[in-house]
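Visitor: Protein sequences, first through last, are from chains A and B.
Counted from 1, the first sequence has number 163 at position 163 by my numbering; the numbering is strictly sequential.
Counted from 1, the second sequence has number 83 at position 83 by my numbering; the numbering is strictly sequential.
Hints listed in this document are in silico derivations from the structure and should not be mistaken for laboratory results.
Some hints could be false.
To be verified - Computed beta-carbon distance windows for the label pairs:
| id | chain 1 | residue 1 | chain 2 | residue 2 | range |
| --- | --- | --- | --- | --- | --- |
| 1 | A | N60 | B | D169 | 17 to 25 Å |
| 2 | B | H121 | A | A55 | 43 to 51 Å |
| 3 | B | E60 | A | A161 | 42 to 50 Å |
| 4 | A | I63 | B | A201 | 51 to 59 Å |
For every residue, glycine included, the Cβ atom is placed at its ideal position computed from N, Cα and C.
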Amino acid sequence: MPIKVLAFAGSPRRGGNSETLLDWVLAAMAKEPDVVVEKVALTDANINPCRGCNACERLNKCIQRDGMDIYHDKIIDADVIVLSSPIFCMGLAAQVKALVDRAQVFRSRKYVLKLPVVPPERKGKRLGVFLATAGQNWDHVFAAAIPSVKCFYHVIDIRDADISYLMINNVDEKGAIEKHPTAKADAGKLGVDVIAELRKRLAV
Amino acid sequence: MPVTVLGISGSPHRHGNTETLLDRLLEGANTAGASVEKVVLRDLHYSPCRGCNACHKTGECIVKDDAIVLYERIMASDCIAVASPIYTMGITAELKGFIDRQQYLWARKFILKTLYFSDDHIKRHKGIFLSTAGLGWENVFDGAFPVITALFNTTGFEYYDNVIANDMDRYGGIIHHPTALADAYEKGQKVVRVLEKLTSA
Chain A
1 MPIKVLAFAG SPRRGGNSET LLDWVLAAMA KEPDVVVEKV ALTDANINPC RGCNACERLN
61 KCIQRDGMDI YHDKIIDADV IVLSSPIFCM GLAAQVKALV DRAQVFRSRK YVLKLPVVPP
121 ERKGKRLGVF LATAGQNWDH VFAAAIPSVK CFYHVIDIRD ADISYLMINN VDEKGAIEKH
181 PTAKADAGKL GVDVIAELRK RLAV
Chain B
1 MPVTVLGISG SPHRHGNTET LLDRLLEGAN TAGASVEKVV LRDLHYSPCR GCNACHKTGE
61 CIVKDDAIVL YERIMASDCI AVASPIYTMG ITAELKGFID RQQYLWARKF ILKTLYFSDD
121 HIKRHKGIFL STAGLGWENV FDGAFPVITA LFNTTGFEYY DNVIANDMDR YGGIIHHPTA
181 LADAYEKGQK VVRVLEKLTS A
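Whenever a hint applies, use it, and build me the whole structure from the sequences.
Guide: See the structure below:
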């Protein structure tokens with residue numbers, strides 16, 4: 001069975017800094033043997049915001065029929081889930097926040113209905129990666145986004161300790177990340193390391 | 001001219017905990033003599049920011065929809081009361097989608113330098129954030145504050161106060177919370193009095 005990587009490119013700007021960072025990570029992963037990578041651009045994914053109706057607490061599924069129908073199953077199926085977002089106004093881009101909020105169905109499954117999100121034998125064998133870029137050079141520019149990211153991974157059964165982060169600030173204009181001294185090398189290394197770690201987990 | 005208070009409800013859920021809290025604040029403001037309006041984001045039509053940065057050159061958003069109209073209303077208000085429940089440790093995607101659209105104002109301020117708010121203007125424009133969260137964690141609002149700060153900063157409002165209540169799941173809703181609704185009502189009255197005093201000064 002190949003390792004399945006599901007990656008969400010969260011920026012509405014295609015080919016911008018956060019997507020470039022994602023592409024570097026994915027290229028490194030795809031070079032490894034037996035790895036299948038799927039990238040989804042959220043701006044085209046037709047994922048509506050959560051309506052807050054709480055119907056998933058009873059139905060175990062969302063009442064909305066949209067792009068999330070496909071990604072719900074893919075999220076369960078994947079071994080590695082990579083999320084990338086630019087920081088807009090100190091938070092995740094709204095497109096990313098919509099995906100994160102739609103994970104409510106997993107939260108309801110886990111905590112209200114007390115049903116498994118992934119089969120027990122896959123627990124601890126899924127890894128998460130969060131990639132972000134910000135125009136601001138503030139050190140704390142990613143701080144407000146991280147709690148939402150942690151919740152997202154938590155409800156899809158990826159443990160806090162199993163999330164890797166690569167966050168690059170002070171890159172604003174399209175292409176700025178190309179000039180960053182370490183981002184590309186760090187992204188490549190991250191991609192390789194995550195796949196190696198996953199292989200170790202799957203072998204157990 | 002009465003003080004104008006614009007309430008913005010960012011919840012997709014009508015008349016839930018957060019909107020009820022906002023209603024109380026607006027009621028308080030109304031009894032203190034303010035002219036009060038409420039906008040429900042769910043009823044508007046706007047798309048999220050496309051990140052195209054066209055506004056960096058022109059100071060205008062190329063997407064003409066309800067978001068721009070609402071920003072004009074915000075800029076014409078003395079007080080804005082922005083309400084969102086906490087979803088996944090942050091504000092709702094609806095409100096985030098609206099706030100991301102302020103990029104054209106940010107561009108006017110920091111790139112084109114055609115928009116400037118004096119300290120006096122900021123002092124006379126008050127922003128209040130209202131929120132509720134199901135979880136009882138102390139830090140449940142921490143992801144929301146910086147985003148709301150960004151909204152108030154860009155639109156020229158002082159971040160005046162919060163009306164926040166966590167642990168809704170335990171209380172069984174805002175109506176069972178011991179202080180939140182009374183707090184909202186009082187803060188609604190108070191901000192109008194403070195703004196009136198500033199105008200007459």
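Visitor: Does each hint hold? Answer for all of them.
Guide: Quick rundown of the hints versus the structure:
1. Between N60 of chain A and D169 of chain B the Cβ separation comes to about 19 Å, which falls inside the hinted range of 17 to 25 Å.
2. Under the hint 43 to 51 Å, the C-beta atoms of H121 of chain B and A55 of chain A, about 45 Å apart, fit the expected range.
3. Taken as a hint, the range 42 to 50 Å holds for the pair E60 of chain B and A161 of chain A, whose Cβ atoms sit roughly 46 Å apart.
4. Between I63 of chain A and A201 of chain B the CB atoms are about 53 Å apart, so this pair conforms to the stated range of 51 to 59 Å.
Violated hints: none; the structure is consistent with every hint.
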